[in-house]
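4 protein chains.
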Amino acid sequence: DLPFALIAGPCAMESRDHALDICGALTELTRRLGIGFVFKASFDKANRTSGASPRGVGLEAALPIFAEIKQRFGVPVTTDVHEAAQCARVAAVVDILQIPALLCRQTDLLVAAAKTGRVVNVKKGQFLAPADMAHVAAKIASAGNRNVLLTERGTSFGYGALVSDMRALPIMARATGAPVIFDATHSVQQPGGLGDRSGGEREFVSTLARAAVAVGVAGLFLETHDAPERALSDGASMIPLAELGGLLEQLMEIDRAAKSFARFSP
Amino acid sequence: DLPFALIAGPCAMESRDHALDICGALTELTRRLGIGFVFKASFDKANRTSGASPRGVGLEAALPIFAEIKQRFGVPVTTDVHEAAQCARVAAVVDILQIPALLCRQTDLLVAAAKTGRVVNVKKGQFLAPADMAHVAAKIASAGNRNVLLTERGTSFGYGALVSDMRALPIMARATGAPVIFDATHSVQQPGGLGDRSGGEREFVSTLARAAVAVGVAGLFLETHDAPERALSDGASMIPLAELGGLLEQLMEIDRAAKSFARFSP
Amino acid sequence: DLPFALIAGPCAMESRDHALDICGALTELTRRLGIGFVFKASFDKANRTSGASPRGVGLEAALPIFAEIKQRFGVPVTTDVHEAAQCARVAAVVDILQIPALLCRQTDLLVAAAKTGRVVNVKKGQFLAPADMAHVAAKIASAGNRNVLLTERGTSFGYGALVSDMRALPIMARATGAPVIFDATHSVQQPGGLGDRSGGEREFVSTLARAAVAVGVAGLFLETHDAPERALSDGASMIPLAELGGLLEQLMEIDRAAKSFARFSP
Amino acid sequence: DLPFALIAGPCAMESRDHALDICGALTELTRRLGIGFVFKASFDKANRTSGASPRGVGLEAALPIFAEIKQRFGVPVTTDVHEAAQCARVAAVVDILQIPALLCRQTDLLVAAAKTGRVVNVKKGQFLAPADMAHVAAKIASAGNRNVLLTERGTSFGYGALVSDMRALPIMARATGAPVIFDATHSVQQPGGLGDRSGGEREFVSTLARAAVAVGVAGLFLETHDAPERALSDGASMIPLAELGGLLEQLMEIDRAAKSFARFSP
Numbered sequence: 031d032l033p034f035a036l037i038a039g040p041c042a043m044e045s046r047d048h049a050l051d052i053c054g055a056l057t058e059l060t061r062r063l064g065i066g067f068v069f070k071a072s073f074d075k076a077n078r079t080s081g082a083s084p085r086g087v088g089l090e091a092a093l094p095i096f097a098e099i100k101q102r103f104g105v106p107v108t109t110d111v112h113e114a115a116q117c118a119r120v121a122a123v124v125d126i127l128q129i130p131a132l133l134c135r136q137t138d139l140l141v142a143a144a145k146t147g148r149v150v151n152v153k154k155g156q157f158l159a160p161a162d163m164a165h166v167a168a169k170i171a172s173a174g175n176r177n178v179l180l181t182e183r184g185t186s187f188g189y190g191a192l193v194s195d196m197r198a199l200p201i202m203a204r205a206t207g208a209p210v211i212f213d214a215t216h217s218v219q220q221p222g223g224l225g226d227r228s229g230g231e232r233e234f235v236s237t238l239a240r241a242a243v244a245v246g247v248a249g250l251f252l253e254t255h256d257a258p259e260r261a262l263s264d265g266a267s268m269i270p271l272a273e274l275g276g277l278l279e280q281l282m283e284i285d286r287a288a289k290s291f292a293r294f295s296p
Numbered sequence: 031d032l033p034f035a036l037i038a039g040p041c042a043m044e045s046r047d048h049a050l051d052i053c054g055a056l057t058e059l060t061r062r063l064g065i066g067f068v069f070k071a072s073f074d075k076a077n078r079t080s081g082a083s084p085r086g087v088g089l090e091a092a093l094p095i096f097a098e099i100k101q102r103f104g105v106p107v108t109t110d111v112h113e114a115a116q117c118a119r120v121a122a123v124v125d126i127l128q129i130p131a132l133l134c135r136q137t138d139l140l141v142a143a144a145k146t147g148r149v150v151n152v153k154k155g156q157f158l159a160p161a162d163m164a165h166v167a168a169k170i171a172s173a174g175n176r177n178v179l180l181t182e183r184g185t186s187f188g189y190g191a192l193v194s195d196m197r198a199l200p201i202m203a204r205a206t207g208a209p210v211i212f213d214a215t216h217s218v219q220q221p222g223g224l225g226d227r228s229g230g231e232r233e234f235v236s237t238l239a240r241a242a243v244a245v246g247v248a249g250l251f252l253e254t255h256d257a258p259e260r261a262l263s264d265g266a267s268m269i270p271l272a273e274l275g276g277l278l279e280q281l282m283e284i285d286r287a288a289k290s291f292a293r294f295s296p
Numbered sequence: 031d032l033p034f035a036l037i038a039g040p041c042a043m044e045s046r047d048h049a050l051d052i053c054g055a056l057t058e059l060t061r062r063l064g065i066g067f068v069f070k071a072s073f074d075k076a077n078r079t080s081g082a083s084p085r086g087v088g089l090e091a092a093l094p095i096f097a098e099i100k101q102r103f104g105v106p107v108t109t110d111v112h113e114a115a116q117c118a119r120v121a122a123v124v125d126i127l128q129i130p131a132l133l134c135r136q137t138d139l140l141v142a143a144a145k146t147g148r149v150v151n152v153k154k155g156q157f158l159a160p161a162d163m164a165h166v167a168a169k170i171a172s173a174g175n176r177n178v179l180l181t182e183r184g185t186s187f188g189y190g191a192l193v194s195d196m197r198a199l200p201i202m203a204r205a206t207g208a209p210v211i212f213d214a215t216h217s218v219q220q221p222g223g224l225g226d227r228s229g230g231e232r233e234f235v236s237t238l239a240r241a242a243v244a245v246g247v248a249g250l251f252l253e254t255h256d257a258p259e260r261a262l263s264d265g266a267s268m269i270p271l272a273e274l275g276g277l278l279e280q281l282m283e284i285d286r287a288a289k290s291f292a293r294f295s296p
Numbered sequence: 031d032l033p034f035a036l037i038a039g040p041c042a043m044e045s046r047d048h049a050l051d052i053c054g055a056l057t058e059l060t061r062r063l064g065i066g067f068v069f070k071a072s073f074d075k076a077n078r079t080s081g082a083s084p085r086g087v088g089l090e091a092a093l094p095i096f097a098e099i100k101q102r103f104g105v106p107v108t109t110d111v112h113e114a115a116q117c118a119r120v121a122a123v124v125d126i127l128q129i130p131a132l133l134c135r136q137t138d139l140l141v142a143a144a145k146t147g148r149v150v151n152v153k154k155g156q157f158l159a160p161a162d163m164a165h166v167a168a169k170i171a172s173a174g175n176r177n178v179l180l181t182e183r184g185t186s187f188g189y190g191a192l193v194s195d196m197r198a199l200p201i202m203a204r205a206t207g208a209p210v211i212f213d214a215t216h217s218v219q220q221p222g223g224l225g226d227r228s229g230g231e232r233e234f235v236s237t238l239a240r241a242a243v244a245v246g247v248a249g250l251f252l253e254t255h256d257a258p259e260r261a262l263s264d265g266a267s268m269i270p271l272a273e274l275g276g277l278l279e280q281l282m283e284i285d286r287a288a289k290s291f292a293r294f295s296p
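Protein chains in written order, with the working numbering: chain A, 31 to 296; chain B, 31 to 296; chain C, 31 to 296; chain D, 31 to 296.
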């Protein structure tokens with residue numbers, strides 16, 4: 031029952047300078063607040079709504095930037111992988127390999143990520159029942175890797191909408207024993223909501239994050255940007271960097287209250 | 031941003047003695063904890079899954095019991111009404127008229143309840159978007175009554191299942207200005223889940239209640255029983271009376287943390 | 031495996047003249063096509079989204095019009111009832127009592143309708159699994175009435191949207207033995223989709239009606255109007271009267287093809 | 031408005047002999063009925079619920095079998111690809127590259143499949159609105175390939191369940207101009223319904239296929255097996271080979287009826 035850790039960053043890695051700026055600000059903020067921090071950025075947005083949308087700097091350009099970030103700020107980093115062949119190269123630098131929600135059942139990708147020995151963070155598919163993540167965790171364990179994180183990021187609810195079922199957090203934790211993380215910014219996405227890209231309801235990030243922390247999570251995932259309206263992707267759901275501190279302070283207060291009691295189970 | 035109030039009781043009014051016992055225990059508990067309390071019991075389960083299931087003591091028998099409870103314990107009471115013609119008679123005794131979720135769009139029932147001048151607590155239909163509760167509140171206001179409470183109790187999610195969307199709480203509050211209540215025991219129901227009656231997942235009552243309180247609610251609704259396995263209805267979702275104190279203490283801790291900050295709105 | 035019958039009319043009874051005009055046109059059309067016909071109109075829209083929307087001519091005014099329609103055109107008529115006390119009066123004139131979807135679990139209303147001895151047509155609630163309609167039919171049978179019709183009209187699918195599950199048609203038929211009807215115009219409604227009233231996607235009426243007829247139904251329910259854009263309610267989903275004949279001819283062709291084989295059950 | 035074509039086969043390619051037997055039977059059946067036929071089998075079940083379930087013969091073993099089938103029976107063949115690197119090799123033999131539903135937004139996979147010049151058949155993700163398939167088709171077109179097929183195979187509906195929205199068929203057709211296919215056996219799957227594998231409701235294959243054909247499709251996809259209870263995967267939803275002829279005859283009758291009219295569009 032430790033305080034929650036934060037996985038955060040700007041969705042896509044937009045440039046070296048931008049990544050360093052954001053990571054610097056987040057490192058300083060989380061040190062001041064006394065919470066764990068992992069820097070996240072995507073080198074490739076591989077499944078965007080539209081093929082015409084930008085995808086990021088790419089694997090080759092991103093790895094040296096991740097290495098520089100780790101060295102300069104002393105924080106672990108995470109990014110998402112999309113094909114089995116990427117796993118070993120990414121794992122040479124990156125501490126946590128993230129499996130995208132839509133790929134959470136791709137056995138080869140899970141096994142390749144597991145075999146790197148790195149921590150594997152699997153996002154629960156929008157189409158999957160929480161208890162079925164036990165099979166996902168078992169695929170990773172069968173490759174000899176027990177360092178699994180599971181992340182809730184919303185479930186399909188009609189067309190173009192997600193709903194966050196807070197029961198998923200204890201269900202995944204009990205079914206696997208893995209630490210469970212809540213992704214507070216993708217959970218407010220509206221898939222396809224802006225026609226050729228996903229929309230988002232930023233106003234509900236704090237609503238859902240508060241709820242998840244009260245239920246009990248090991249970590250919180252969220253995307254942030256100094257200027258979300260100019261972000262390469264997912265701007266509609268990201269939290270402005272300038273507002274993140276206030277949000278985290280409130281969440282830490284709720285986290286302390288929630289974890290001050292043994293888990294209630296009537 | 032006052033502490034949450036509690037609306038609680040045994041689902042169906044099973045007998046005078048049983049209602050008095052439960053209300054006595056709840057009055058003592060909530061006074062010790064220092065939270066507001068409204069006693070709830072149904073005189074008629076008018077929309078049970080099966081017509082062969084018991085329905086309760088009925089309106090005639092229930093009203094004197096409600097009167098006795100108010101007089102003996104000094105607490106307000108609430109019950110649900112099902113047809114417009116019942117409203118005036120029930121309102122002669124009962125402080126808060128509750129409109130069942132399935133009936134939340136029945137204009138005549140809403141207006142008849144409103145015209146009594148009593149507080150009207152409308153449960154959001156499982157088939158309704160939260161923002162549409164603004165039209166429901168407007169029907170009551172149009173009858174000259176501004177004392178409306180709105181209660182979230184889960185939304186249809188496939189067949190035989192509900193999901194609790196925590197966004198519904200701020201959406202209903204902003205759309206109407208009305209105090210919003212979270213019903214933590216009906217939200218874990220599985221409609222029709224036991225064949226000829228609804229099932230329930232009691233283990234998630236505390237999960238969802240913690241989430242709702244962290245998001246911010248004016249009140250919490252839950253059903254409780256000294257022996258849920260013998261309850262006339264909804265036993266699978268009710269909280270055992272003996273465990274209620276522990277749950278409430280934890281929720282109060284989260285409530286304080288959540289309300290110690292001004293509402294965060296990035 | 032008779033050809034499907036048609037239940038149709040203008041949603042709300044708008045006036046005596048309008049009801050007679052529509053019923054006259056529908057009587058002529060269905061006689062020409064050789065299919066059974068029941069005239070439908072609502073005397074009261076009792077659960078509209080907004081309390082400010084018009085509700086219809088009312089029970090007192092409607093009953094003589096229904097009587098005149100029956101006498102003049104020789105067709106059976108149906109309307110929806112909302113409270114138990116209305117059933118006996120309506121049944122004095124009307125051949126089929128329709129129970130609205132939101133009220134399909136109200137035991138007293140079902141029993142009161144059943145006791146009239148008239149055919150009772152229950153619309154499946156948007157929140158209900160098809161198999162649970164067996165309990166609804168049993169409530170009516172327990173009152174000594176076996177003349178039940180069950181109508182599919184869409185199921186909640188996220189907020190403000192319905193989906194028509196074609197499996198519901200055989201599930202309800204097998205679970206109850208009752209004739210099953212498909213409501214092709216309410217199934218394309220978008221609840222609350224126009225802000226203060228429900229929207230509709232008229233373009234899909236024929237899509238869903240074709241599908242339902244191919245699956246196998248005893249009847250088709252749909253609302254029609256000479257000028258849907260001027261209709262008192264539900265204009266966005268109604269079929270223009272001038273286009274109904276073409277639709278029905280196509281549906282009859284599919285109906286014949288579907289019923290020319292014994293039901294296939296692999 | 032040609033008669034529907036059939037894409038069918040045994041889900042997984044279990045062995046050379048088994049594939050030849052099934053394809054022989056299907057070739058004979060479809061020639062007798064006079065409908066187009068494409069043989070389908072998967073060389074790898076890459077995203078099974080459990081990592082311990084069998085996955086099929088693999089790419090190396092499957093390609094010569096596909097070649098033999100094409101040569102012996104003179105029918106086109108299709109199989110599903112999972113990573114971009116597989117596309118060119120598979121396309122050397124296989125006529126239609128199928129993109130699995132969960133991978134329908136993976137830009138690299140779509141583009142690699144498109145660049146082979148083969149027909150690309152994309153299954154709509156269970157998490158996707160039908161109109162969003164326009165972006166999927168555009169990704170393929172942007173790679174210079176206009177030979178796209180789109181296949182409906184059910185949409186997430188709560189946990190562990192799918193619903194088939196018949197509106198998806200015309201929506202996808204209008205949004206893209208591509209021929210639309212209905213997958214009648216995966217649409218009755220219950221994801222994770224058998225604990226460590228997906229369940230299925232075979233009894234509804236004919237229900238949904240009849241509905242889809244009445245709405246209007248260019249093709250029907252279904253999996254079949256001489257002994258579904260012994261199948262390597264998806265046995266619970268496959269149609270027994272011996273019953274397929276009867277089903278197809280009925281569907282052809284409905285298809286003729288549906289296509290005998292110009293599409294009705296009120």
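Just so you know, the hints here were simulated from the structure itself, not pulled from any lab data.
One or more hints might be untrue.
For identical chains, the list gives no copy identity; a pair is met inside one copy or between any two copies.
Stated by the list, open to error - Pairs of lysine to aspartate or glutamate residues, derived as EDC-like cross-links and limited to a Cα-Cα distance of at most 20 Å, are as follows:
#1 Lys-100 - Asp-138
#2 Lys-145 - Glu-44
#3 Lys-145 - Asp-125
#4 Lys-145 - Glu-58
#5 Lys-289 - Glu-279
#6 Lys-75 - Glu-259
#7 Lys-145 - Glu-273
#8 Lys-75 - Glu-58
#9 Lys-145 - Glu-231
#10 Lys-289 - Glu-233
#11 Lys-75 - Asp-226
#12 Lys-289 - Glu-273
#13 Lys-100 - Glu-58
#14 Lys-145 - Glu-113
#15 Lys-75 - Glu-44
#16 Lys-289 - Asp-51
Review point. At most 20 Å between C-alpha atoms: does Lys-75 with Asp-226 qualify within a copy, between copies, both, or neither?
Key: Within one copy only: 14 Å inside, 31 Å across.
Regarding Lys-75 and Glu-58, is the shortest C-alpha distance of 20 Å or less found within a copy, between copies, in both, or in neither?
neither (27 Å within a copy, 46 Å between copies)
_Lys-75 and Glu-44: within-copy, between-copy, both or neither at 20 Å Cα_ = Within one copy only: 11 Å inside, 36 Å across.
### Task
First find the shortest C-alpha distance between Lys-289 and Glu-273 inside one copy, then the shortest across copies, and answer within, between, both or neither for a cut-off of 20 Å.
between (25 Å within a copy, 18 Å between copies)
Intra/inter-copy verdict for Lys-145 and Glu-231 if alpha-carbon distance must be at most 20 Å: neither (37 Å within a copy, 37 Å between copies)
When Cα atoms must be at most 20 Å apart, do Lys-289 and Glu-233 count as within-copy, between-copy, both, or neither?
So Lys-289 and Glu-233 pass the 20 Å test across copies only (18 Å; inside, 26 Å).
Within, between, both or neither, where Lys-100 and Glu-58 count as close if Cα-Cα is 20 Å or less: within (14 Å within a copy, 57 Å between copies)
Alpha-carbon proximity between Lys-145 and Glu-273, which holds within one copy, between copies, both or neither at 20 Å | Classified as neither; 38 Å inside a copy, 45 Å across copies.
- Since the copies are identical, ignore which copy is meant and state whether Lys-145 and Asp-125 lie within 20 Å (CA to CA) inside a copy, between copies, both or neither. within (13 Å within a copy, 35 Å between copies)
Since the copies are identical, ignore which copy is meant and state whether Lys-289 and Glu-279 lie within 20 Å (CA to CA) inside a copy, between copies, both or neither.
-> Result: close both inside a copy and across copies, 15 Å intra and 13 Å inter.
ask   = How would you label the pair Lys-75, Glu-259 (within, between, both, or neither) given a Cα cut-off of 20 Å?
value = within (18 Å within a copy, 41 Å between copies)
Worksheet item: Is it within, between, both, or neither for Lys-145 and Glu-58, if the alpha carbons may be no more than 20 Å apart?
Response: neither (33 Å within a copy, 47 Å between copies)
Going through the hint list in order, the structure does not satisfy hints 1, 2, 4, 7, 8, 9 and 16.
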